[in-house]
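Student: Listed below, chain by chain, are the residues.
Protein chains: 4
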Amino acid sequence: MTVRFGLLGAGRIGKVHAKAIGSNPKAKLAAVADPMADAANAIATQYGAEVRTIEAIESAADIDAVVICTPTDTHADLIERFARAGKAIFCEKPVDLDVERVKACLRVVDETGATLMVGFNRRFDPHFQAVKQAIEEGQVGAVEMVTITSRDPGAPGVDYIKRSGGIFRDMTIHDFDIARFMLGEEIETVTAQGSVLVDPAIGAAGDYDSVSVMLSTASGKHATISNSRRATYGYDQRVEVHGSKGAVAIENQRPVSIEVANASGYTRPPLHDFFMTRYTEAYAREISSFIDFVESKSPASPSGTDGLIALALADAALKSVKEGRAVKVSEITGVMADKSVFQGR
Amino acid sequence: MTVRFGLLGAGRIGKVHAKAIGSNPKAKLAAVADPMADAANAIATQYGAEVRTIEAIESAADIDAVVICTPTDTHADLIERFARAGKAIFCEKPVDLDVERVKACLRVVDETGATLMVGFNRRFDPHFQAVKQAIEEGQVGAVEMVTITSRDPGAPGVDYIKRSGGIFRDMTIHDFDIARFMLGEEIETVTAQGSVLVDPAIGAAGDYDSVSVMLSTASGKHATISNSRRATYGYDQRVEVHGSKGAVAIENQRPVSIEVANASGYTRPPLHDFFMTRYTEAYAREISSFIDFVESKSPASPSGTDGLIALALADAALKSVKEGRAVKVSEITGVMADKSVFQGR
Amino acid sequence: MTVRFGLLGAGRIGKVHAKAIGSNPKAKLAAVADPMADAANAIATQYGAEVRTIEAIESAADIDAVVICTPTDTHADLIERFARAGKAIFCEKPVDLDVERVKACLRVVDETGATLMVGFNRRFDPHFQAVKQAIEEGQVGAVEMVTITSRDPGAPGVDYIKRSGGIFRDMTIHDFDIARFMLGEEIETVTAQGSVLVDPAIGAAGDYDSVSVMLSTASGKHATISNSRRATYGYDQRVEVHGSKGAVAIENQRPVSIEVANASGYTRPPLHDFFMTRYTEAYAREISSFIDFVESKSPASPSGTDGLIALALADAALKSVKEGRAVKVSEITGVMADKSVFQGR
Amino acid sequence: MTVRFGLLGAGRIGKVHAKAIGSNPKAKLAAVADPMADAANAIATQYGAEVRTIEAIESAADIDAVVICTPTDTHADLIERFARAGKAIFCEKPVDLDVERVKACLRVVDETGATLMVGFNRRFDPHFQAVKQAIEEGQVGAVEMVTITSRDPGAPGVDYIKRSGGIFRDMTIHDFDIARFMLGEEIETVTAQGSVLVDPAIGAAGDYDSVSVMLSTASGKHATISNSRRATYGYDQRVEVHGSKGAVAIENQRPVSIEVANASGYTRPPLHDFFMTRYTEAYAREISSFIDFVESKSPASPSGTDGLIALALADAALKSVKEGRAVKVSEITGVMADKSVFQGR
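In the order they appear, the protein sequences are chains A, B, C and D. Per UniProt numbering: the first sequence = residues 1 to 345. Per UniProt numbering: the second sequence = residues 1 to 345. Per UniProt numbering: the third sequence = residues 1 to 345. Per UniProt numbering: the fourth sequence = residues 1 to 345.
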């Protein structure tokens with residue numbers, strides 16, 4: 001079977017997914033929609049696809065699945081429309097910045113029985129996957145404490161931050177998802193602290209640029225997250241899992257692995273300076289997994305619920321900083337039905 | 001000048017300090033006191049010292065300084081006695097488990113003008129010192145976020161934990177001191193979470209075996225601490241300092257640095273399995289620094305105040321776990337006069 | 001400009017080059033030739049090319065360049081034919097196993113003015129390139145000693161060895177080329193020793209499976225090479241360059257970079273187990289460079305002369321093992337006109 | 001039992017051994033001899049020993065063993081004298097620079113039944129020992145190829161080189177010994193090349209400053225050695241052992257293990273800059289082993305024969321460079337009776 005794709009949004013991340021689809025033997029990029037005609041044309045030409053409107057893709061008989069790479073505030077509406085149109089849906093995170101809107105959207109997905117996968121690409125990175133596999137093989141015993149460090153090479157513009165929902169919702173959200181992925185148990189409480197150490201303009205916009213978070217689960221497992229909007233040495237992305245029998249960690253990735261030795265010491269080059277070069281392989285594997293879910297008609301993972309929970313953790317973290325206390329996730333989500341979200345890789 | 005020492009307590013840590021004194025060309029171990037005659041005799045014989053009572057050391061004209069390695073509940077009393085006797089004092093941490101008792105003791109030290117140094121040995125480890133030096137040389141710019149990981153090879157007996165004041169007071173206390181040492185600014189708030197994941201007996205004794213802590217300073221700097229009473233791979237001791245211009249980290253230490261490669265991968269040996277082999281060099285440098293303070297009659301560092309603050313941070317952490325909120329250090333200490341404790345290395 | 005390619009040979013390495021051509025925006029795979037119709041068809045279908053005979057490609061007006069991936073004993077003839085047909089030629093190493101035959105072939109290339117590039121893929125690996133760049137930037141000063149370690153995961157079959165010309169001509173030949181690439185100066189003498197330690201059948205076939213080689217240049221620079229046909233820990237590929245101001249080395253590559261710590265120590269996974277996964281990026285960059293040479297009509301590098309010299313070094317190494325002495329390269333090649341082969345990257 | 005020592009020579013290496021003896025609970029430094037009275041007095045005072053003449057030590061009833069740290073050209077004579085005097089002898093390498101003189105000296109040792117240990121300190125370094133242990137435990141299977149890299153921070157003065165016998169006899173000799181130690185089989189042939197790349201004055205003195213060596217054993221095992229008199233990044237000391245089941249390597253050692261990350265990359269400090277700080281622990285273990293041999297009256301290792309063979313390998317290497325051919329060790333030594341020198345650690 002070949003899964004025929006419509007791509008909604010031909011921007012930066014749209015190109016990444018177009019490439020992943022184009023080089024996947026089980027997929028065909030059939031159509032691209034974008035208000036910017038040049039962007040849409042460029043992708044269509046490169047992969048032999050057609051430029052169409054969103055409406056045309058919605059009603060097309062030759063489209064099995066869509067990849068939503070449009071601005072965040074359109075995600076929930078598009079998910080609902082394409083769920084009703086019977087298409088399988090891959091949507092970049094987040095579904096929406098508002099928890100209630102996400103819940104409403106997921107109800108539509110539920111009712112229509114649509115396949116929905118949310119784009120937490122790190123779960124598909126070979127190194128993160130190898131950590132998860134080591135856990136599942138029992139190499140570290142029972143997971144006890146997860147430590148996550150994510151630091152970006154540089155802060156985004158304040159314009160972006162205003163639209164993104166702030167550091168917890170646009171940056172830490174990936175770490176919340178990875179914390180759940182590695183802990184294998186739902187998070188119960190969130191405690192966070194935030195500072196403005198990198199750029200006062202970020203503080204003026206009401207956000208933080210340096211945050212620390214502690215998470216705990218019902219059984220007492222911990223996760224800690226450390227984020228900064230700036231790291232001079234590149235795109236710092238680490239996770240370490242400590243368990244009853246041992247620990248496992250990923251090493252940071254760099255474009256070239258050489259070491260120069262001289263009177264100043266032994267120097268290896270900086271890390272990747274951009275998430276797209278760091279996670280090239282993750283994006284390809286992510287689309288490949290989505291295709292497998294579409295083909296097998298099995299529930300996709302990470303699901304809409306995974307997206308909802310990560311967002312709720314971000315909201316809880318923000319509340320914790322403001323109120324100086326541990327915040328229960330249930331304060332944000334209400335009591336949720338168990339969705340059995342830990343299906344492993 | 002040769003500094004002539006009396007050693008109070010000939011147990012495990014007493015032996016370590018006896019060796020450091022014995023191999024220091026500026027020092028002479030003159031007397032040892034211990035209720036266990038055999039232990040005292042063994043050290044006395046090895047280093048050409050005399051066995052004496054504490055009282056005899058107190059009144060001896062040939063003793064310049066004492067090293068207090070007796071049980072914790074005797075520390076404050078002994079510090080007061082030897083301060084009044086005009087001896088310079090090196091005391092193993094903690095001064096006492098009660099903040100008010102420590103304060104009272106430090107008042108006596110203050111009144112007598114005695115030299116008091118508290119044994120936070122990690123500050124003298126060559127690797128920790130190199131991190132501190134890198135900070136002072138401006139290699140990482142302004143310090144922003146400090147990450148400390150300390151995990152012991154195995155949990156102590158419950159008997160020890162009952163006497164020690166619990167994990168925050170006997171284990172995390174070293175990390176509190178290192179956090180202050182690296183941040184270069186006083187900590188304002190403490191948030192912590194604790195679990196029992198290693199040994200239920202520890203929980204039954206009212207303590208935790210796995211804790212996470214977040215610290216923040218007035219200017220918004222962060223530190224996070226992760227502790228576990230058990231690490232199968234050895235004595236895990238790491239600190240990482242992230243700043244405006246870069247980051248610096250220490251690598252874990254192992255007795256031998258070889259790597260075996262085979263079909264299972266590339267394997268390096270476990271870490272040191274004991275703090276005494278890990279910190280051999282730190283203990284020697286610690287006593288050497290103390291001797292320098294005694295000789296130069298300058299205030300010792302880490303001081304009694306450093307000991308007091310680290311204890312207060314431990315109390316604040318415990319309070320934070322119990323109450324699920326960020327605790328201000330001033331809730332524990334009251335408002336303290338500025339002691340200008342950041343004198344560098 | 002789009003360079004239109006004919007692929008000669010649709011086997012294992014042919015597929016690698018087809019993929020590199022197919023994903024290069026400046027290239028189009030137009031035709032494939034292989035006596036195995038299925039293999040040719042598979043590639044043709046995947047990349048939208050036609051299956052043609054070698055003769056048809058030779059005379060085709062729509063083909064600019066060919067990639068020769070046929071058996072070694074056909075390389076020299078095909079190079080001559082396609083040089084005369086006015087096509088640019090990329091040929092997998094070696095041009096031939098016989099030095100005189102290579103020389104004759106290169107004379108034809110010279111006379112026809114054809115572009116000929118020989119496939120020493122390692123020169124295009126990002127890590128090897130970064131080492132070369134560090135040298136060129138002066139980071140290690142004047143190059144003095146190059147150390148190369150290449151070990152294959154497992155020995156090839158004896159059938160392969162009989163056809164390949166033996167370990168020096170099929171395996172060490174890559175290291176000879178890298179030695180020249182890094183030394184930046186021609187090699188004058190070769191000394192080698194060889195043993196059969198891995199598989200007696202290799203010895204019975206008249207070859208070695210474990211070899212060490214020392215090279216020296218006119219100015220006294222050294223290179224040493226260590227090869228084994230078996231390494232349990234994966235595809236071991238290292239180079240280290242020692243110079244007057246420092247040294248630079250590449251680290252071995254593994255598919256995933258995680259580390260598991262437990263009571264047995266700290267373990268990272270084995271290396272890549274296959275040259276094709278190790279050198280994926282190198283193959284893409286190699287074809288990309290070839291396209292640049294074709295477009296710019298500039299002399300290709302590595303050239304036919306580079307291929308000739310590497311083969312001569314292999315012959316010299318074999319002679320050295322047999323005769324127990326340092327062999328001058330000129331004993332093999334005769335005196336050669338300077339071809340100015342060190343054009344950098 | 002306490003072994004009572006006489007120290008012959010109070011120079012740089014004499015001090016190292018005095019310290020090792022002084023801190024060993026089974027030993028007592030009883031006497032020191034040196035024509036430089038100040039040097040002898042300093043050591044005597046520090047360790048509570050007497051200053052005596054060599055003659056007095058020779059005839060003293062209260063001396064069990066001597067450590068010979070005098071100039072090389074006195075070693076053989078002193079060994080003979082103290083062997084006849086019934087003392088156990090530890091002698092710094094080499095016994096002599098002339099193979100025949102060494103043989104004559106060892107005959108005296110043999111006749112007198114004296115205990116003689118030659119100072120190849122690296123065998124006692126914890127990291128080298130861990131490699132040897134890994135081999136003996138079968139972790140790498142049958143040893144096949146040993147790779148040794150030794151580079152000094154800077155070249156010694158030409159005066160030293162003239163007395164030392166040249167790079168093969170003063171520097172590579174340690175690597176020859178380690179090659180034998182790790183191979184576990186006698187070396188049969190030596191091939192070497194040498195250049196002057198560091199300092200023309202070394203060439204003017206008739207020596208080389210950059211050498212490469214290949215060794216082979218009767219069963220076809222290889223070792224390669226790479227030496228330079230200058231390494232800007234510190235005291236480079238590596239050994240790697242490749243075997244049928246895997247490989248084992250030591251990592252280079254540095255005084256502090258930190259890593260600074262910034263826009264220039266990740267930098268660790270240079271290596272030790274001096275053999276005495278690099279091998280501190282090795283010297284202590286070496287003397288400790290000697291004491292064990294003296295106490296147990298068992299043959300010492302490394303023995304006089306080990307010293308002889310390492311010297312012969314150096315002579316063979318020099319001959320190989322001069323004659324451009326593989327030199328058999330038997331050309332230097334003649335046929336030697338089997339001394340069964342591979343007793344492990």
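A hint or two may mislead.
Covered stretches of chain A, as calculated for chain C (at least 3 residues, CB under 8 Å) [as the list claims (entries may be wrong)]: (1) 112-118; (2) 128-136; (3) 306-315.
Residues on chain C that point at chain A, a partial pick, calculated with CB under 7 Å [unchecked claim]: (4) A130; (5) Q139; (6) V256; (7) A261; (8) M276.
I should point out that these hints are in silico values taken from the structure, not numbers from a laboratory. Note that beta-carbon positions come from the ideal geometry of N, C-alpha and C, so glycine has one too.
Student: So, for every hint listed, does it hold in this structure?
Tutor: Hints and how they fare:
1. 112-118: Coverage by chain C is violated here, the residue count being 0 at a Cβ distance below 8 Å.
2. 128-136: With 4 residues closer than 8 Å to chain C, the stretch 128-136 of chain A meets the three-residue bar; holds.
3. 306-315: violated (count 0)
4. A130: With a minimum Cβ separation of about 4 Å from chain A (threshold 7 Å), the hint on A130/C holds.
5. Q139: holds, 5 Å
6. V256: holds, 4 Å
7. A261: holds, 5 Å
8. M276: Violated, about 16 Å.
In this structure, the earlier hints numbered 1, 3, 8 are contradicted, and the remaining ones agree with it.
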